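Novice: Below are the chains, spelled out letter by letter.
Number of protein chains: 2
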Amino acid sequence: MSTIGRDRLKRLARLSDGKVRRADGLQLLEGRRLVSEALTAHRVTELFVRDEAAARRYAGMEPEIPVHCIGAQDMDRLAEVRTPQDVIGIGPLPSLLGVDAILAEHRRILLLDGVQDPGNAGSLVRTGAALGLSAVLLHGPTADITSPKVLRASAGTLFRSALGRVESAGALDDALATHPHTLVLPVVHGGRSPREVRVPDAFLLALGNEGAGTSLAGDPSSALRITIPMSAGVESLNVAAACAAILGAWL
Amino acid sequence: MSTIGRDRLKRLARLSDGKVRRADGLQLLEGRRLVSEALTAHRVTELFVRDEAAARRYAGMEPEIPVHCIGAQDMDRLAEVRTPQDVIGIGPLPSLLGVDAILAEHRRILLLDGVQDPGNAGSLVRTGAALGLSAVLLHGPTADITSPKVLRASAGTLFRSALGRVESAGALDDALATHPHTLVLPVVHGGRSPREVRVPDAFLLALGNEGAGTSLAGDPSSALRITIPMSAGVESLNVAAACAAILGAWL
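These protein sequences, in sequence, are chains S and A.
Residue numbering for the first sequence follows our numbering, starting at 1 and increasing by one per position.
Residue numbering for the second sequence follows our numbering, starting at 1 and increasing by one per position.
These are calculated hints, taken from the structure and not from any lab test.
There's no promise every hint is true.
Note: identical chains are not told apart, hence a pair may lie in one copy or across any two.
Straight-line C-alpha distance at most 25 Å; calculated SDA-like pairs for lysine to any residue [as the list claims (entries may be wrong)]: (1) Lys149 <-> Gly233; (2) Lys149 <-> Glu167; (3) Lys19 <-> Leu96; (4) Lys149 <-> Ser231; (5) Lys149 <-> Val234.
Quantities reported herein were computed from a predicted structural model and do not represent experimental measurements.
So that you can see chain S by itself, here it is in the shape it has in the complex:
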């Protein structure tokens, strides 16, 4: 157990700001579930707890990680959420792989294509992780996956996924030309029902903003356009529900 200076605590409390995260190369892990997932992935460098009992417990579990007992008030200052947290961790920002590296290692991949809402982005990662997708590719103006909101909505599953970035639609086309993956594009109308198609052996499931769909046109000759058959008149599913419905059909 160790102490920590006020200036350092103040700085850490600012990690809810993306600019500070990028400057310091650190992210906040609020609460037991996120900390537990991040510990499993060896992605925690320090822990903060409210009392000595918790400090002893974590120090016993993870003898190599510094545990700071900072009291309830400072814990509340550190956390973005209002609900009191037992434990808060600090860990390095994830490093994002290139699209080739991801496609070389993973068969079933979630492609977040401009999903700006942090709750939707996190829910998509969680749903994908539960239903067999082992990697996440980011493209376009997608929510910052190191933000506390995305991490919370992902329920820590971000630490189970390989992460990569697609720099451009062209880079994606190039990668798809050399890997066997099918680009799966959910579209509101005119695609095939997910139950009617043969499930591709390897695929990227692209999900964009709610309603707007994805910005990736995809090579018309190879992309698989999927339309979830919906009740008449209902406008759209939430994007995370659409992801779950497609993957449910492909279980």
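Mind docking chain A on chain S? Use the hints.
Specialist: Just chain A now, with coordinates in the frame of chain S:
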């Protein structure tokens, strides 16, 4: 177009409180999407807008519904959300049918069993409505479906569903004894994969609190226990994602 007294406006602004809704028999419909769905369902008695142009538009569309132009400030007071709304409606609370009436008329039914989180309750209704469920039954301490949060999360699809209440597990058993519906119970372990079972012709899909599952035991001889095959180590899907995955498998 008509005017409206200050006292009445103050009272209407309190409709975000469930007690006031029940006392007055009214609910708030915030924003175009909810108002549009409620208008289609003939569930709007008055409309409030911010300017004369909007007042004329709605008065032209719906000549029998009083439209009050109350200005931006009063619109903001009336709304629960902070985002400015173009239109806010008032309508009667829904009447809930009995379980027999629902089972007599609907083949595919969502059973909200103690879903306390308003966002989850609304998302479940939305997902169910999109994927073929035409009625919603409420059981146990489920979120108030007339609250602005549930209505928003449902994206107005609550107005497309028949609504009913199950008074007790016994009442449900009695109803299931006289109707052909299968009680579908998602369970974390030990159930059958949704893709492996024959989709029941008529069913109630019971969804409970996240993680906790449903409180309904169901008659072991007739209930269909469903387990979504999930990636090793991932704890659970969000309850709305679980609903989407099952219905996706049954599309």
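Novice: If the cut is 25 Å between Cα atoms, do Lys149 and Gly233 qualify within a copy, between copies, both or neither?
Specialist: between (32 Å within a copy, 22 Å between copies)
Novice: When no copy is named, should Lys149 and Glu167 be tagged within, between, both, or neither for a Cα gap of at most 25 Å?
Specialist: Result: close within a single copy only, 24 Å intra versus 37 Å inter.
Novice: Pop the pair Lys149 and Val234 into one bin, within, between, both or neither, using alpha-carbon distances up to 25 Å.
Specialist: Between. Shortest inter-copy distance 19 Å satisfies the 25 Å Cα cut-off; intra-copy 28 Å does not.
Novice: When no copy is specified for Lys19 and Leu96, does a C-alpha distance of 25 Å or less occur within a copy, between copies, both, or neither?
Specialist: within (17 Å within a copy, 50 Å between copies)
Novice: Quick one: Lys149 to Ser231, C-alpha cut-off 25 Å, is that within a copy, between copies, both, or neither?
Specialist: between (32 Å within a copy, 23 Å between copies)
In this structure, every one of the numbered hints holds.
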